[in-house]
Amino acid sequence: MAFSGKAKDFYTGELKGIREAGTFKEERFIESPQAANITVEYPVGASTQQVLNFCANNYLGLSSHPDVIKAAHEGLDSRGYGMSSVRFICGTQDIHDELEKKLSTFLGTEATVLFASCMDANAGVFDVVLDKEDAMIADRLVHASIVDGMRLCKAQLYNYKHANMAHLEEKLQETQECRFRMIITDGVFSMDGDIAPLDKIVELAEKYDAMVMVDDSHATGFMGKTGRGTHEHCGVLGKIDVITTTLGKALGGASGGCVSGRKEIVDLCRQRARPYLFSNTVPPVIITAANKVIDLISKTTARRDKLEDNTTYFREKITEAGFDIREGVHPIVPIMLYNAKLAQDVARDLYQEGIYVIGFSFPVVPKGQARIRVQISAGHEKEHLDKAISAFTKIGGKYNILGKGKKEIIEMYGY
Amino acid sequence: MNEDLKKTIIDYVKHEYLEDEDEEEIDENTPLISSGIVDSFSMVSLKTFLEKKFEIKIPDEKATTDAFDSVNKIIVLLKEFNVT
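In order, the protein sequence lines correspond to chains A and B. Residue 109 in our numbering sits at position 60 of the first sequence, with consecutive numbering throughout. Residue 1185 in our numbering sits at position 12 of the second sequence, with consecutive numbering throughout.
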């Protein structure tokens, strides 16, 4: 053991710095299944409290759905707990193949390969298909896992201003000499809940002969009329070359991700994607549950329809209550407070009112754009939404921000 | 200081990083990275631009967030490559 005093002092100093910057992340212990209504111990050691959860990615309310739990139990009984192997040695069961085929059908793609997470899918895919003579042209606000994946790839990196098609076109013109180009974007951006203009992106990709890659983690299962994702919402089903997405959000919320898209790219991932080659297989219990999730959402759009109704209702009512929100149609509803301390204070007070939300501030969002990110679920009932709106209204009144816009809130509380 | 050089970099930063609706003004001393105008990820475009424009190669150990934190600091860095 050689954990020297020097190393210990250094790491202690780093932790102190994080605390002083106000960005130290504390975990809250949930003592119930994930759902709209949860039991939380916070702070650690305090007595537990029943709160309504408005910060999970449980968009379709399937995390603890009885049919999904039953399917997980069946998987455990019929295929065991762990596989003790990567996929290509002895970690592939028939149910893995079944899920990959179901995901391809659902997403409208040629083929799919599972990864341990979407983080892993994003970390692996670029290095497999692009090299030094190629260009990655990414939206500036893509998810951190894409940034990491691009860093692992030798291709030249370009980025364009968020959702700015004129700037993207400039970058496509700049990179005409490259062998291959790939336009890279999130389908839905997780901090603002805004949607990439995939129809326009595909148009530019066709004009300039570039591939398109979309991380659709915050869309798979519910965006678009039948929940296929942002590509369905934007009318470009079948035109996205690479989709990465997660089983960890709407699709049951456990873990696991995938690369789905052109068959050759997926096949190459199986041969060369390092996170795929060197991570254990996704366990059977998750696979059988995910198979059930795809069955459920392929059979009926009831859950995504309810999510859409809940989202429309919440967005309307919270706006009527006088909050300044980022407009849109996505169940991520950013309630803008601009000042970091105000966002923390409002979130803390809402917790006391039984509403669990989190304040986000720099560096997660740009400076001066602190907010509370509300996430709506099909698991919420109307009374849950009403209770949240009423609590928000009470706390908004306390801080005198109802009916106030950016300028006025900043005047009162500063950046 | 070479005014043309300063203007070239400021114009690039404005075009590349500021949104059309941004009211922010940038001068040679405006913090770029530490203020969040340029994040460490998109700093790559700025490095690539400088390398192409002035036909130089800035090694990664020199392309630090501190060295790119203002137009003035970038000008100091460029001097090392005889760009003035």
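Since the hints were made in silico from the structure, they are not lab data. Backbone N, C-alpha and C define an ideal beta-carbon position, used for all residues, glycine too. You may find that some hints are simply not true.
[Claimed, not checked] Calculated Cβ distances over 12 Å to all of chain B for the following chain A residues: (1) I67; (2) V196; (3) E223.
[As the list claims (entries may be wrong)] With the Cβ distance kept under 8 Å, some of the chain A side facing chain B (calculated, not the full set): (4) G71; (5) N106; (6) K203; (7) Y207; (8) R319; (9) R323; (10) F411; (11) V413.
query = When the hints from earlier in the document are held up against this structure, which numbers fail?
reply = Hints 2, 3, 4, 5, 6, 8, 9 and 11 are the ones this structure does not satisfy, whereas the remaining hints hold.
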